[in-house]
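Enquirer: So you can see what is in the structure, the chains are spelled out below.
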Amino acid sequence: MGVPFTKADAWRIEGGSAQEAQLIEACQQGDASAFNLLVRRWEKPLFNFAYKYVGDAAVAQDLVQDTFVRVVKSIGGYAHRAAFSSWLYSIAVNLCKDHLRRKKRRTVISLHEYYTTVSGQRISVKDEVPDEDARTDAAAEAADREKLVRRLLAGLSEDQRVVILLKEYQALTFPEIAEALGVPENTAKARLHRGLRAMRRQLEREGMSPEDGPGGAS
Amino acid sequence: MSEECGNREERLVSLLYEDGDPSDLADIRAHIATCAACREEFEELASTRDLLGAWPNVENAPRMVFVGEPAAPAGAVGRGPATSGRGRFRAFLPSLAAAAAVVLLVASSAMFLRFQVGADGRLRVGFGASSGSAMDGSALVTRGDLDQGLARTAEFLEAIVRDAREQDRRAVLDAVDQALRDQNASMGNQVATAINSAFDEADRRRRADLGVMLSSMNDLQVITRTELQQLGAMVAAVTAAPQR
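Chains as they are written, first to last, in the numbering used here: chain A, 1 to 218; chain B, 1001 to 1244.
Read the hints as simulated data drawn from the structure, not as lab findings. Incorrect hints may have been included.
[As the list claims (entries may be wrong)] So, partial list: chain A residues that the calculated Cβ filter (under 10 Å) puts toward chain B:
1) Gln170
2) Ala171
3) Phe174
4) Met199
[Claimed, not checked] With a cut-off of at most 25 Å between alpha-carbon atoms, the simulated DMTMM-like pairs for lysine to aspartate or glutamate come out as follows:
5) A:Lys44 to A:Glu146
6) A:Lys97 to B:Glu1059
7) A:Lys44 to B:Asp1050
8) A:Lys73 to A:Glu146
9) A:Lys103 to A:Glu158
10) A:Lys44 to B:Asp1019
11) A:Lys44 to B:Glu1009
[As the list claims (entries may be wrong)] Sample of chain A residues at the chain B side, in silico, Cβ under 10 Å:
12) Pro45
13) Ala57
14) Ser90
15) Ala142
16) Leu148
17) Arg150
18) Gly155
19) Glu158
20) Asp159
21) Ile164
22) Thr173
23) Leu196
In this text, a Cβ means the ideal position worked out from N, Cα and C, and glycines have one as well.
Please put together the full structure from these sequences, using the hints given.
Expert: Okay, here's the thing in structure tokens:
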């Protein structure tokens, strides 16, 4: 069975569209090329989600791979009751949670004390003494702000963090997030609200505000 | 704060992301225009949300290629030896293909598994484009990766080559290399073709052992990045075997 779009089109397939339904049906019927399109459509968002969740690019790659393996094994049972994105992210969330749970048993170091980039660089999220020369550089300022966000997110509860990752960086709708996490929609919203509030409180404790954090406007 | 501030958390978050029923969002907008407390909180949420943009998504996320056949019907997986040499191996192939096989590639566009015999007589395993003779260096399976390979499978193929005459050994390597160069097919097919070619060229006495090895791979269920590296280890071990 063929699907009437190419890998180049894969990015344009929208959630809940007839194209998506057609693609899923082709996958359910064992069409390998359709599954490749599905992978193409979702590999990048899933990687970014897993990367932000576990903080290690190599681990994120493995988790995305595991997610797709589970999708292959169980897509036959996907019945379109929930949005496909919800179904997909529920798998990814569970795998990420399992990974962190296993990791917690092995280490007492904060999971997000360090993160490993796509290029394999291991970076601490702790504040560092600012290099005055570097702070005049826009890239260094952006890096400082990114590090701040990583640290603030790492300080949230896992429940709060995962909702922020799904909403802010994956642009899922609240109903989709609720489906993916198996919680009422208002619970997802409340967690997001509390997460943002907690981030702000943390900034205030450190004498900063979102506007004038590292590298931000003063 | 008034009664209209009820469910404030949920409502403000809905407005923050413009994710909700349009009429509800209009109500919330109207409310925060008149309620200083909710307006202040909304503005704080918005500025905190803005900060999240400082951690952008990675654009060069690693690419993945699916190399198997999903949702294989029950019973499609071949088990047990067949009667002829090639047929025996073919009997194992469907199970490899039917496995939920996903190979992770740190690469872009169409990439293929490539084997190349170097000037030192060793086989290099890597990912490369379908055309051109040079190996792409970006995603080569390193010696370190190969060292983590399956000792058992390496031992089988090493034995095949050890027991073969030198010209047979070269034929195995050449056949693998040629198969991978000629085929404009998926990586899964290329791997299968390469193994088939090696099998065709191998000493007949070792084919049963190779069949056992491949049968054991059925239990892996998936071809993961690690397992692909193990396959590389298997072939690298062949080339590292002492010549006779």
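Enquirer: Hint by hint, say whether it matches the structure.
Expert: Going through the hints against the structure:
Because the beta carbon of Gln170 (chain A) sits about 9 Å from the nearest beta carbon in chain B, less than 10 Å, this interface hint is met. Residue-level restraint check for Ala171 (chain A) holds (minimum Cβ-Cβ distance to chain B is 9 Å; threshold 10 Å). A distance limit of 10 Å between C-beta atoms decides the matter here; for Phe174 (chain A) the minimum to chain B is near 5 Å, and the interface restraint holds. Interface restraint check for Met199 (chain A): the shortest CB-CB distance to chain B comes to about 5 Å, inside 10 Å, so the restraint holds.
Taking the CA atoms of Lys44 (chain A) and Glu146 (chain A), the gap is about 19 Å. The hint holds against a cut of 25 Å. Straight-line distance between C-alpha atoms of Lys97 (chain A) and Glu1059 (chain B) comes to about 24 Å, which keeps the hinted pair within the 25 Å bound. With a CA separation close to 22 Å, the supplied pair Lys44 (chain A) and Asp1050 (chain B) stays within the 25 Å bound. Under the criterion of a C-alpha separation no larger than 25 Å, the hint pairing Lys73 (chain A) with Glu146 (chain A) is inconsistent with the structure, at around 37 Å.
The hinted pair formed by Lys103 (chain A) and Glu158 (chain A) meets the criterion: a straight-line CA distance of about 14 Å does not exceed 25 Å. Taken as a hint, the Lys44 (chain A) and Asp1019 (chain B) pair is honoured in the structure, with Cα atoms around 23 Å apart against an allowance of 25 Å. Our distance criterion of 25 Å between C-alpha atoms is broken by Lys44 (chain A) and Glu1009 (chain B), whose separation comes to about 31 Å. Taking 10 Å as the C-beta cut-off, the interface hint given for Pro45 (chain A) holds, the closest approach to chain B being about 8 Å.
The interface hint given for Ala57 (chain A) holds, since its Cβ lies 8 Å from the closest Cβ of chain B, which is under the 10 Å cut-off. Interface hint status for Ser90 (chain A): violated, as the beta-carbon distance to the closest one in chain B is roughly 18 Å, over 10 Å. Interface hint status for Ala142 (chain A): upheld, as the beta-carbon distance to the closest one in chain B is roughly 7 Å, under 10 Å. At a threshold of 10 Å, the smallest CB-CB gap from Leu148 (chain A) to chain B is about 7 Å, leaving the interface hint in force.
The restraint placing Arg150 (chain A) at the interface with chain B holds, with a minimum CB-CB distance near 6 Å, inside the 10 Å limit. At a threshold of 10 Å, the smallest CB-CB gap from Gly155 (chain A) to chain B is about 13 Å, leaving the interface hint violated. Because the closest C-beta pair between Glu158 (chain A) and chain B is about 17 Å apart, greater than 10 Å, the hint is violated. Taking 10 Å as the C-beta cut-off, the interface hint given for Asp159 (chain A) is violated, the closest approach to chain B being about 14 Å.
Against a cut-off of 10 Å between C-beta atoms, the interface hint on Ile164 (chain A) holds, since the closest Cβ of chain B lies about 7 Å away. For Thr173 (chain A), the suggested interface contact is upheld, since its CB lies about 6 Å from the closest CB of chain B, less than 10 Å. Taking 10 Å as the C-beta cut-off, the interface hint given for Leu196 (chain A) holds, the closest approach to chain B being about 5 Å.
The earlier numbered hints that this structure contradicts are 8, 11, 14, 18, 19 and 20.
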